[in-house]
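Visitor: Chains Y and W supply the protein sequences, listed in that same order. All residue numbers for the first sequence refer to numbering that gives the first Met the number 0, where the first residue is 0 and numbers rise by one. All residue numbers for the second sequence refer to numbering that gives the first Met the number 0, where the first residue is 0 and numbers rise by one.
In case anyone wonders, no lab produced these hints; they're calculated from the structure. Check before you lean on any hint, since a few could be wrong.
[Stated by the list, open to error] Mimicking DSS-like on lysine-lysine, the simulated pairs with C-alpha atoms at most 25 Å apart in a straight line are:
id, chain 1, residue 1, chain 2, residue 2
1, Y, Lys45, W, Lys96
2, W, Lys43, Y, Lys45
3, W, Lys195, Y, Lys45
4, W, Lys167, Y, Lys45
5, Y, Lys237, W, Lys100
6, Y, Lys45, W, Lys66
7, Y, Lys45, W, Lys223
8, Y, Lys237, Y, Lys301
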Amino acid sequence: MAYITDEQYYTNGGTNPTGANQGSYQFISLRELVDNFELLYVGEDKLINRVHRHIVLAHTKRAIQELNYNALNMPKVLELTIGSDYQFVLPPDYVNYIRISLNIDGVLYPMIENHQMTYANSYLQDNNYDIVFDLSGNVIETQSALDQNRLDGLTAQLYAGPGPMSGQLGYSIDDEWYFARTIGSSYKTNPEFMNTNPTFKIDKNAGVIHFSSDLQDRHVVLEYISDGMEKGDWSEVKMHKFAEECVYSYVNKELLRNARNVPMYEKMAANKRYRAEYNNAKLAMSNLKGSRLIQVLRGKNKWQK
Amino acid sequence: MINNVRQSVLDLVRKANNGYLTPDEFNRMSHMAQLDIFDEIMSKYADAVVKRTLGLGGMDVADIEGKYMEAIETFIVPESTLTYSAPNFLIPSDCYKIIDKSVVYNSTTPVSKVEGRRALAQIRASNLTAPSALFPVYSKTQDGLRVEPTSITSGIKIDYIRYPKMPKWTYTVVPGSDAPLFNISAVDYQDFELPKFFEDDLIIKILQYAGVSLREIELIQATKSEEIQNKQEQ
């Protein structure tokens, strides 16, 4: 691929979107990765003598996916406003989340995942508690009480009773009072749950995030990992140049792994090389800068109050 | 070259009193001989490549692979645009073999070869390999090249090795003379397309065919032994 001029870089030659090329020099496209691999690693006098381009393409895509999951440190960020169903439908290229935060006036408040189930399927039952079927013999589903409770929600009320929590906002459920605790405010609590922000629970199969019931009309920011496949728009698929060599070594080791008549030591050497390249890529992509490290270490002798 | 070959063949046939070849017979036999040698060049080139990959290749005059490649290069037709006739792109009628990795879309996008309908179905089924305009594939069918995605209906180019053209020794008949006179200026004149160093091979091959048609067993045996000797020397 030819280099572009400065004008093309800054203005895309006046074509919309004019910023399409900005920052593009950091990356190498999927097409270039496949072309370069075929040029450098495939040939009569090379270990990989003959391989079809679509096989190289498949392994290159797998390499990009694996690096996106584990090494690239390039999260995607999406903000949505939560509606009355207290749900956030997962983005189409979502693989896993990094962090989910509540956006209040531009400040992000991280939320924790509620490990208790907050959603459930429910089958319709008659007054004898027998499951009801339709004419086709399928069960009839209905909204579960668990879902309904979450959607109904509870509003915080002022606790006026005795004890140390008097005057605090709390939740009254079945004549028992529950209070949110903030970090560091109390002993003998489970730090996993010491967060006053709302909670969420991800339903992977349904493809939604369920939130606790105090989030309607509020902005939630999802930072997540994708697989880098850009929803099948192959012209947009790219890899950072720091990880370019890692992609080649991944494809190389995968092709050799499945090849006949390749000695085991060659396969092992290819695998070793990939591990080394993977570590290099991961280190380079971790964005560890000397100046940043020094800045952090400056606080090492600080007295803690 | 064709006139030299014809003279040599006629001299050798006459010398042994083995009859006479008419220009038409000679042309037909020349075509068959040229095709035979053309096939041999291909297989010898493949052998030379294998030898080189095993570390047995040479340089300069010992570069056998280069010698055959030079002969093959004459027949390479670069960047030939294929005509679309749904659902296939038609392969030129003189195509001997499409050169590997030479099929391109819009001059720059390589089109990957898929061998077999089953493999094509598998490729379509996987998101990792599904054909797209950026990564198209083709499979060879009886009727031509089937390119996927099917939205591609133009802009396919190939490099291919063509068959040699049929040689034609053209002549004029001089009044009062039995022998036809070689006419290089005729419109349909066509010389052999093989390089000069295959002249001997052509003569031997044509003599073999002449021997067969003339039922002269000695001529066949003589040319066969000459051919074997040549191979041993190689």
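Visitor: Would you mind marking each hint as holding or not holding in the structure?
Guide: Now for the hints, and whether the structure bears them out:
1. Taken as a hint, the lysine 45 of chain Y and lysine 96 of chain W pair is honoured in the structure, with Cα atoms around 24 Å apart against an allowance of 25 Å.
2. Note on lysine 43 of chain W and lysine 45 of chain Y: the hinted pairing holds, with a Cα-Cα distance of about 21 Å set against a maximum of 25 Å.
3. Between the alpha carbons of lysine 195 of chain W and lysine 45 of chain Y the distance comes to roughly 34 Å, so the proposed pair goes past 25 Å and is violated.
4. Pair hint lysine 167 of chain W plus lysine 45 of chain Y does not hold up; C-alpha atoms about 44 Å apart against a cutoff of 25 Å.
5. With a C-alpha separation of about 24 Å, the suggested pairing of lysine 237 of chain Y with lysine 100 of chain W holds against the 25 Å cut-off.
6. At roughly 22 Å between alpha-carbon atoms, lysine 45 of chain Y and lysine 66 of chain W fall within 25 Å of each other, so this suggested pair holds.
7. Distance restraint check for lysine 45 of chain Y and lysine 223 of chain W: the Cα-Cα separation of roughly 39 Å exceeds the 25 Å cut-off, and the hinted pair is therefore not satisfied.
8. Taking the CA atoms of lysine 237 of chain Y and lysine 301 of chain Y, the gap is near 43 Å; set against the 25 Å cutoff, the hint is violated.
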